[in-house]
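Our numbering runs 3 ahead of the 1-based position in the sequence shown.
FYI, nobody ran anything at the bench for these hints, they're computed from the structure. Glycine included, each C-beta is placed from N, C-alpha and C at the ideal position. Accuracy of the hints is not assured; some may be wrong.
Straight line, CA to CA, 27 angstroms or less: simulated DSSO-like cross-link-like pairs of lysine-lysine [unchecked claim]:
id : residue 1 : residue 2
1  : Lys177    : Lys146
2  : Lys358    : Lys148
3  : Lys177    : Lys392
4  : Lys258    : Lys173
5  : Lys25     : Lys49
6  : Lys277    : Lys259
7  : Lys146    : Lys159
8  : Lys177    : Lys388
9  : Lys324    : Lys392
10 : Lys160    : Lys173
11 : Lys25     : Lys41
12 : Lys251    : Lys224
13 : Lys179    : Lys45
14 : Lys159    : Lys148
15 : Lys94     : Lys45
16 : Lys94     : Lys224
17 : Lys177    : Lys162
18 : Lys323    : Lys392
19 : Lys148    : Lys177
20 : Lys179    : Lys148
21 : Lys94     : Lys160
22 : Lys251    : Lys353
23 : Lys173    : Lys148
24 : Lys392    : Lys160
25 : Lys173    : Lys146
26 : Lys25     : Lys94
27 : Lys224    : Lys177
28 : Lys285    : Lys324
29 : Lys173    : Lys94
30 : Lys285    : Lys258
31 : Lys49     : Lys94
32 : Lys162    : Lys173
33 : Lys358    : Lys251
34 : Lys173    : Lys392
35 : Lys148    : Lys353
36 : Lys159    : Lys392
Label pairs and their computed distance ranges (CB to CB) [unchecked claim]:
id : residue 1 : residue 2 : range
37 : Ile230    : Asp200    : 19 to 25 angstroms
38 : Val286    : Leu352    : 25 to 31 angstroms
39 : Arg101    : Tyr222    : 55 to 61 angstroms
40 : Ser229    : His304    : 41 to 47 angstroms
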Amino acid sequence: MKKGYLILLVGLIVSGCMSSSKLMQSGRYDAALDRAVKELRKNPDKTEEILALERAYSILNERTIERINFLMLDNNPRNLEELINLYSELKYRQSLVRTVLPLNLPDRVINYPYVNYDTEIIEAKNSAAGYFYDNAMRLMQQKTKEAYRQAHLEFKKAKTYSQNYQDIDKMIQKSKYDGISRVLIMVHNHTPIRLSDDFLNNLLTVKPEELDSEWVEYYFKDLDESIMFDYYIVVNLRSFDISPDNTKDSDRLVKKRVQDGYEYMLDDRGNVAKDTAGNDIKVPRYVNLTCAIIETLQQKHAYIEGDVEFVSLNPQRILKKEPVGASNSFEHRSARAIGDLGALDEGTLKLIDAKQLPFPDDGEMAILATESLRMAVAQVIQKNKRLIK
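Make a model of the complete structure from these sequences and hints.
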């Protein structure tokens, strides 16, 4: 990549150093014309530059006009953009050369007559605008999302050539509106439990900007009867189960042998044993500690299961059904001790410090499970956005 840039840079430097005549010899007529104009602005009497300008200007205009004549004979509306560019080239080239006119040679004066290309450019632009506009109108008659979207692009092309062509702004808006697919996301509760509207709406708290695209809009409420939806995304709640409060006790006995001071070692005669230095020999004394642990486990669970249906309304059919579910669990451990706490490890001591907690009520469990389900639903919708066209 760096080598390519270096070659390009060297080429530009070399071009900048080449004379107009050298550029002409290499067939680089545009560069030769630019070089000649630049030099003549400094010194309008340089014969070599005047001749280079005359020759380059003649060759370039001849080629451009020859191409224009061919395109005019071909009469293909697809060539209108090229035609506009060619006339614009003639206009630019003329404006460039006029900055150094007239040019004086020993035997003659070069002073090209002014040619107004604006009429041709405007006519070509109007023709191009008409071509893209008419093509867009034909697409609109197909009455499909794909055609509306393509028509929108064609109308915008028409506007680039003629800002005020007919009702172009209105048609740009209409093609955009008609080309958008609108999706209504809703929740159907099939469980025997009566769920509040707030509860159901909480399932749909997905930010629209996370889903919307250029041609797809998502709605979470059907508030405008004039909106014709193209797709439904239906979140079906099939089962909702909240377990009762469950408390389970288990007990275990912990034993531990620990050092409890020292005692004197006795010899075979029952006397205190001595070491070689005559000192009494002491050895560690151990005792066995025991402690009964009654551990309490509190548990409560909430489960929500269902599915997400992606439904096309034109034609009406189910595109996909994907299962979805979520759960939430409350679990807490605590313990009581009977006996010597010295027998217990650090983890068990922490359990003893923990106290039993009040169980969350069913409403709290449902809210927490709903939050998990909301995230699961959002993931399913994101994963299947390709189904919405």
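Legend entry - Hints violated by the structure (numbers, ascending): Violated: hints 2, 4, 6, 12, 13, 16, 28, 29, 35.
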